[in-house]
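Undergrad: Below, each chain spelled out in residue letters.
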Amino acid sequence: LAKTTQPISMDSYEGQEVNITCSHNNIATNDYITWYQQFPSQGPRFIIQGYKTKVTNEVASLFIPADRKSSTLSLPRVSLSDTAVYYCLVGDVASGGSYIPTFGRGTSLIVHP
Amino acid sequence: NAGVTQTPKFQVLKTGQSMTLQCAQDMNHEYMSWYRQDPGMGLRLIHYSVGAGITDQGEVPNGYNVSRSTTEDFPLRLLSAAPSQTSVYFCASSDQENTEAFFGQGTRLTVV
Chain A
1 LAKTTQPISM
11 DSYEGQEVNI
21 TCSHNNIATN
31 DYITWYQQFP
41 SQGPRFIIQG
51 YKTKVTNEVA
61 SLFIPADRKS
71 STLSLPRVSL
81 SDTAVYYCLV
91 GDVASGGSYI
101 PTFGRGTSLI
111 VHP
Chain B
1 NAGVTQTPKF
11 QVLKTGQSMT
21 LQCAQDMNHE
31 YMSWYRQDPG
41 MGLRLIHYSV
51 GAGITDQGEV
61 PNGYNVSRST
71 TEDFPLRLLS
81 AAPSQTSVYF
91 CASSDQENTE
101 AFFGQGTRLT
111 VV
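So the protein sequences, as listed, match chains A and B.
Counting from 1, position 98 in the first sequence corresponds to residue 98 in my numbering; the numbering is continuous, with no gaps.
Counting from 1, position 81 in the second sequence corresponds to residue 81 in my numbering; the numbering is continuous, with no gaps.
No wet-lab data here; the hints were simulated from the structure.
Built from N, CA and C at the ideal position, the CB exists for glycine as well.
Where hints are given, some of them may not hold.
Unchecked claim - Pulled from the structure, derived: some chain B residues nowhere near chain A, Cβ distances all over 12 Å:
| hint | residue |
| --- | --- |
| 1 | Pro8 |
| 2 | Gln17 |
| 3 | Gln22 |
| 4 | Gly63 |
| 5 | Tyr64 |
| 6 | Glu72 |
| 7 | Asp73 |
| 8 | Arg77 |
| 9 | Ala82 |
| 10 | Thr110 |
| 11 | Val112 |
Claimed, not checked - Where chain A lies over chain B, by a calculated footprint (3+ residues, C-beta under 8 Å):
| hint | segment |
| --- | --- |
| 12 | 41-52 |
| 13 | 87-101 |
Construct the complete structure from the given sequences, taking the supplied hints into account.
TA: Right under this line is the structure:
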C-alpha cells in the first residue's frame, strides 16, 4: 500500500513561511501527490496537486524532487487562519482496481500571533 | 452551488439500531466515497463508487453497506450500530480518479 509519513505537528508564527514535508517512498509511477487542509468540524479542502518538480497556485507551492519519494508543501507568510491539519495524499489501487486517495494522519499546524 | 451535502449533521443511535447517512452531490461527479475520521487517525476509507451501480470496499468496510443507484446519491447504511462506529463520517466526490475531491461537512455519529 502506498503510504505517507508527515510530522504530527508543527508550530509557526504569523508572517513566516511554513514548509511541511511528506515522505512517500512507495509512490507509484503514475501517481499524483495531493495536499488537503482541514479545519475543525469541517471536511478536508483541496489545496494543491502535483506530479513532479514545482507547482504553485494562489495559496501554496508544492515541491517534488526528481525521485518523487517526498514532497514539500510551502505556505508563504502564514496567518492565524492557516491553523489547521494538512494531509498529504498519494493514491492506492483498491481491490476493485480503482484509484483511491489514501489519507495519512496529517500534520497539525498551529500558527501563533 | 451546494456541492456535497450530507444529512444529518448529528445523530445519536442506540447499539443495534440501523440508520442511513445521506450524501448527495450536484456536480455530476462519477467518483464518490465515504470516510470515517476518528481522533488521531486521519480519514479512513469505508466504501467508494466509481459510477452508478458500481461500488467497492475500502479500508474499513465492516458493518457498513452502500449502494449507488444514481450519479447524485451515495447513501451509507449502518445495519446494526455498535459503539465502535462512533465517529465523524465524511462523504466526498470527484470528477475523475486522482483529481480534486470535494467533501461534505460531515456527520457526527454517536452510538451509545
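Undergrad: Taking the earlier hints as the rules, which of them does this structure contradict?
TA: Hints that this structure does not satisfy do not exist here, as all of them hold.
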